[in-house]
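Peer 1: Okay, here's what each chain looks like letter by letter:
Number of protein chains: 2
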Amino acid sequence: MGRRSKARIDRAPRGTRAGLPRPPGSSPPTIGVDLGGTKIATAVITEDGRVLASHRHPTETDASAQRVIAAIANCIETCLGDVAKSAGAVGIGVAGQVTPAGVLESAPNLPWGRLPLRSKIEQAVALPTIVVNDVRAATFGEWKFGAGRGESDVVCLFIGTGVGGGIVADGHLRNGATNTAGELGHITIQLDGRKCHCPNSGCLEAYVSGWAIGERAREIAATRPVAAARLLTIAGKPSAIRAETVTEAYRAGDALAQQILEKTVEYLAAGVVSIVNSFNPSVVILGGGVIEGLPSLIPPTEALVRQQALEVAVRDLRIVRAGLGPEAGVMGAAALARAKVARRGPR
Amino acid sequence: MGRRSKARIDRAPRGTRAGLPRPPGSSPPTIGVDLGGTKIATAVITEDGRVLASHRHPTETDASAQRVIAAIANCIETCLGDVAKSAGAVGIGVAGQVTPAGVLESAPNLPWGRLPLRSKIEQAVALPTIVVNDVRAATFGEWKFGAGRGESDVVCLFIGTGVGGGIVADGHLRNGATNTAGELGHITIQLDGRKCHCPNSGCLEAYVSGWAIGERAREIAATRPVAAARLLTIAGKPSAIRAETVTEAYRAGDALAQQILEKTVEYLAAGVVSIVNSFNPSVVILGGGVIEGLPSLIPPTEALVRQQALEVAVRDLRIVRAGLGPEAGVMGAAALARAKVARRGPR
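First to last, the sequence lines map onto chains D and R.
As numbered in the numbering used here, residues 1 to 347 make up the first sequence, in order.
As numbered in the numbering used here, residues 1001 to 1347 make up the second sequence, in order.
Calculated directly from the structure, the hints in this document are not laboratory data.
Watch out, some of these pointers could steer you wrong.
DMTMM-like cross-link-like pairs, simulated, lysine to aspartate or glutamate; straight-line CA separation at most 20 Å [to be verified]:
1. R:Lys1195 <-> D:Glu266
2. R:Lys1195 <-> R:Asp1170
3. D:Lys195 <-> R:Glu1311
4. D:Lys263 <-> R:Asp1192
5. D:Lys195 <-> D:Glu311
6. R:Lys1195 <-> D:Asp192
7. R:Lys1340 <-> D:Asp170
8. D:Lys340 <-> R:Asp1170
9. D:Lys195 <-> R:Glu1219
10. R:Lys1263 <-> D:Asp192
11. R:Lys1195 <-> D:Glu311
12. R:Lys1237 <-> R:Glu1219
13. D:Lys195 <-> R:Glu1266
Just so you have them, the derived chain D footprint on chain R, three or more residues with Cβ under 8 Å [as the list claims (entries may be wrong)]:
14. 1048 to 1058
15. 1076 to 1084
16. 1278 to 1286
17. 1305 to 1313
Glycine included, each C-beta is placed from N, C-alpha and C at the ideal position.
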């Protein structure tokens, strides 16, 4: 992604340009924002999930919080175009820990400390705003518009650089007692196992995340350089081996890369078995960069889960690939804004 | 427990004997039934959790389903006394897999196959009836009247012969897609670990349940008979070592028993960490026979969980002992009947 903003106006909204009344039963669109370490994605989304306009802007992680608030407001007020003026609310998904009141408490990849994001954005754009964790927003998006549509009990597991998750139970996104339900990357799959980036060892994330796959591959390359010849060739040097290196070697037919990914499937299945037996969802949605790069991990994972989980828990279970890709966050944030904010007309 | 029924009438209900109108705001009591492999426990419970009458009857596991239905009906209609006549509904918790329609599908410790328990009991006692899994009933009881009272996000983990669990999220008992949410004994804590009684290996139950503690102790006794001298003395022979043997030896200051239980705490903490990071409850309730026999396992488990789980997930967390003991099931079944069945007056 370049540093320039990219805007795309997909289609005009119904009945706003000419001041016509909205068709009966329709409600104003909402704006979704996905605030991550590299980009601010914004979009105007209708009740039924159509994208009326979308925009991407790089996150200036060296800028003050005030400048990033201004950048978000500018994306909403200018870059999204006139269709944003018909929106009734803003939903922001942010890669960090958020309180129920919309205060960003901590964000490992964003440079600010505690930030009252909801109130700052409400002041800046004069629209009711909600702020949630980006993975929960993406879960809501996959449930409302993606692979979990129409289901009551859905668990999303997003496997990217890290591993995050979200839970829909009995038709509601679950928050937990301190707004952090769904940290499924940090279920233990191996007591006293690999050190995680969290305080614990043996977490699912420490085996199947992008960083963990890279780390496991580097360890093997250090002890078995002959077997790892192709990984080393692709990466250039041992320390440059990443999950992407393993993926590339696997696609080229490399035996070690296949072994690493087969173990990854075993680890992933162990985590999904715990999820399935605990939550009893009808759908487990697997997404995130690792899965998008290697969707072929899904069928063998599903086969293992069906062998290992309780029969009654897998009887009606589907394990599927996420349907919205990187748009899940922005679409979910917009839909959550609709669901949570008292409906108001356009400004 | 003897084979004779034991009945106890605790107090007369308000306003039923003399035909007085019920005080404003009060609703009829409900009947809870806990149908297990050894006993049928029944009780008449008020809305606020008072036990008006209770009764225990041995389960005749060699009898036909028809005779057990008749025994339950007899407990309700005769043994509980006149107070049962004021009840508005019946809730049955049963140690097995139950469909949402109240059909018992399978029950490892009960001799019948598929049994439409709800409709059979409704026919027999002419009261609206609900049937649920006994562990979920006990979870509801602990939440309504026990250690989880007043909380919105509660997870119960019952560690007895096996390990079962139940989930209250956002103020509702969760069922999952096929009515089996909360099988927390079957979360993986050790990939390729100890064989479980389910199809999988490495489950929490395979480490901390009564059967698993006994099995682990017998394995140690087989390889280290000197260290296991006290276990062998208490049990009489290696094959007779049980979890109870370990408990007794631990209370007598035995070093090996202490080691076995310290490992049990590590295993239990690994499971609770997964639960806490996944569900983000405000309270984790530990109950069941193993915990009732060894409540001193709770503080060291809590200490480990606080070290290992995500900081935000343990910030407001309490880990507590179950409050209702073996009455949780019957009280929860009665409360679920109240919550689920449209309220009707007494017969």
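Peer 1: Give a verdict on every hint.
Peer 2: Now the hints, each set against the structure:
1. R:Lys1195 <-> D:Glu266: 16 Å, holds
2. R:Lys1195 <-> R:Asp1170: 34 Å, violated
3. D:Lys195 <-> R:Glu1311: 17 Å, holds
4. D:Lys263 <-> R:Asp1192: 12 Å, holds
5. D:Lys195 <-> D:Glu311: 32 Å, violated
6. R:Lys1195 <-> D:Asp192: 18 Å, holds
7. R:Lys1340 <-> D:Asp170: With Cα atoms ~15 Å apart, Lys1340 (chain R) and Asp170 (chain D) stay inside 20 Å; holds.
8. D:Lys340 <-> R:Asp1170: 15 Å, holds
9. D:Lys195 <-> R:Glu1219: Status violated; Cα separation ~29 Å.
10. R:Lys1263 <-> D:Asp192: 12 Å, holds
11. R:Lys1195 <-> D:Glu311: 17 Å, holds
12. R:Lys1237 <-> R:Glu1219: 13 Å, holds
13. D:Lys195 <-> R:Glu1266: 16 Å, holds
14. 1048 to 1058: As far as the segment 1048 to 1058 of chain R goes, the hint is violated, because 0 residues have Cβ atoms under 8 Å from chain D.
15. 1076 to 1084: Violated: only 0 residues of the segment 1076 to 1084 of chain R have a Cβ under 8 Å from chain D.
16. 1278 to 1286: holds (count 5)
17. 1305 to 1313: Holds: 7 residues of the segment 1305 to 1313 of chain R have a Cβ under 8 Å from chain D.
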